[in-house]
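Position one of the sequence shown corresponds to residue 939 (our numbering), numbered consecutively onward.
Check before you lean on any hint, since a few could be wrong.
Claimed, not checked - Pairs of lysine-lysine residues, derived as DSS-like cross-links and limited to a Cα-Cα distance of at most 30 Å, are as follows:
| no. | residue 1 | residue 2 |
| --- | --- | --- |
| 1 | 1252 | 1196 |
| 2 | 1252 | 1129 |
| 3 | 1135 | 1199 |
| 4 | 1233 | 1196 |
| 5 | 1135 | 1032 |
| 6 | 1251 | 1233 |
| 7 | 1251 | 1199 |
| 8 | 1143 | 1233 |
| 9 | 1143 | 1251 |
| 10 | 1233 | 1199 |
| 11 | 1252 | 1233 |
| 12 | 1251 | 1129 |
| 13 | 1252 | 1143 |
| 14 | 1135 | 1233 |
| 15 | 1143 | 1129 |
| 16 | 1143 | 1196 |
| 17 | 1143 | 1199 |
| 18 | 1199 | 1255 |
| 19 | 1196 | 1251 |
| 20 | 1196 | 1135 |
Simulated from the structure, these hints should not be mistaken for lab results.
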Amino acid sequence: MNLALFDAISTLRTFAINPLVNGLILGVMVIGVFISFRVLNIADLSVEGIVPLVTMLTAVLIDRWTNPFLCLLIGMAIGAITGIGNALLTIYLKTPPLLSGIIMMALTFGFAILINSLTAGQASFSASEHLTVFNWLKDLIAGNNADRVYLFYASYLSYIIVGLVILLLIWFALYFFFGTELGMSIRAAGKNEAMAKASGISVNKMSIIALAISGALIGLSASLYGQHNGMGLPTDGQGMIVIALSSLFLGETIIGRKSFKRSLLSAVIGSLLYWYIIQALMLLDTNGSLLSIFKAVLLVLIIALQMFVAYIKKRIKQGPHKGELTQSEDKENAKNDDMVPSFKESIVRHCLGERNNA
């Protein structure tokens, strides 16, 4: 193979294929974070502990000839258990959700460090010798063809096809699940806890189920990530929550979240676009020393862009003069504002057992 062709293939992989593969595999993680952050309104930091634990455990298991699909199930089980533990800390120990996520992150990261020490930092496997959820399809596509260019395309085509199929299956499964009675109950519990309780919904039970699903998806994504990389490192989870939230906010800015379907779709689209933006930013930082800074700044810019787009939409909806109140409307609002404190005060007095001396 001549040098020009090799350079062309390397460029194609770097700027077109790698971001697509990362977006598909980690898009599953973004959907998991979407469930905890948007459905339950919980910023779950345990993702940064689940990812390194599952990637390293997946690498160790596959190196010992464990079935790769069984590794996916193990990763999902670890994530689900972490999500359940997170919910139990909040429900029964009254721990703030943010602190619960930090505790579970520390716990899972501790197990990742333990695996790293037991394997002497060699949590890896040879993709050419061991079966993964990706290379079986590569072998099927390539057949007996030994050409390096053909094997390259077969390898990355297997990443794209498997990643896309898994992502679409999860998207459709969650879309239909959250349209069921149980799914609607979970969404209601996250949207308005007081109203959900008044409707007879067990908010605690819904939180446990939702965080278990969220953690399972994060674990699945981490196992796919480990099988794709052929290794696992304690640093695999570093900045994953920033990546997930950036992808989510970016997708919401473009797609919107007026409906649950659009919100779910925005998580997928945002994940794909995010990695192409990161790939473009890496042109400014060839050695990767500024990548973490770029990711943090990108998240701030995406949030600012989201707020700006929301402001523009609001102004367009109001019209040029709709935001200006008439004098009579202004007086009526002032009258209502004066009534609010007295109304609140009467409720407080009633709760305290006091009566007005009218």
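How the hints compare with the structure:
1. 1252 <-> 1196: holds, 14 Å
2. 1252 <-> 1129: holds, 22 Å
3. 1135 <-> 1199: This hinted pair holds, its Cα atoms lying about 25 Å apart.
4. 1233 <-> 1196: Given that 30 Å is the threshold and the Cα spacing comes to 27 Å, the pair holds.
5. 1135 <-> 1032: Distance ~18 Å between residue 1135 and residue 1032 Cα, so the pair holds.
6. 1251 <-> 1233: This hinted pair holds, its Cα atoms lying about 27 Å apart.
7. 1251 <-> 1199: This hinted pair holds, its Cα atoms lying about 20 Å apart.
8. 1143 <-> 1233: violated, 35 Å
9. 1143 <-> 1251: violated, 37 Å
10. 1233 <-> 1199: Answer holds: residue 1233 to residue 1199 is near 27 Å, not above 30 Å.
11. 1252 <-> 1233: Satisfied, since the Cα-Cα distance of roughly 29 Å is no more than 30 Å.
12. 1251 <-> 1129: Holds - the C-alpha atoms of residue 1129 and residue 1251 are around 23 Å apart, at most 30 Å.
13. 1252 <-> 1143: Cα-Cα ~37 Å, so violated.
14. 1135 <-> 1233: Roughly 39 Å separates the two Cα atoms, so the pair is violated.
15. 1143 <-> 1129: Judged against 30 Å, a Cα distance of about 15 Å means the pair holds.
16. 1143 <-> 1196: holds, 26 Å
17. 1143 <-> 1199: holds, 24 Å
18. 1199 <-> 1255: holds, 23 Å
19. 1196 <-> 1251: holds, 13 Å
20. 1196 <-> 1135: Given that 30 Å is the threshold and the Cα spacing comes to 25 Å, the pair holds.
This entry does not satisfy hints 8, 9, 13 and 14, going by the numbered hints stated previously.
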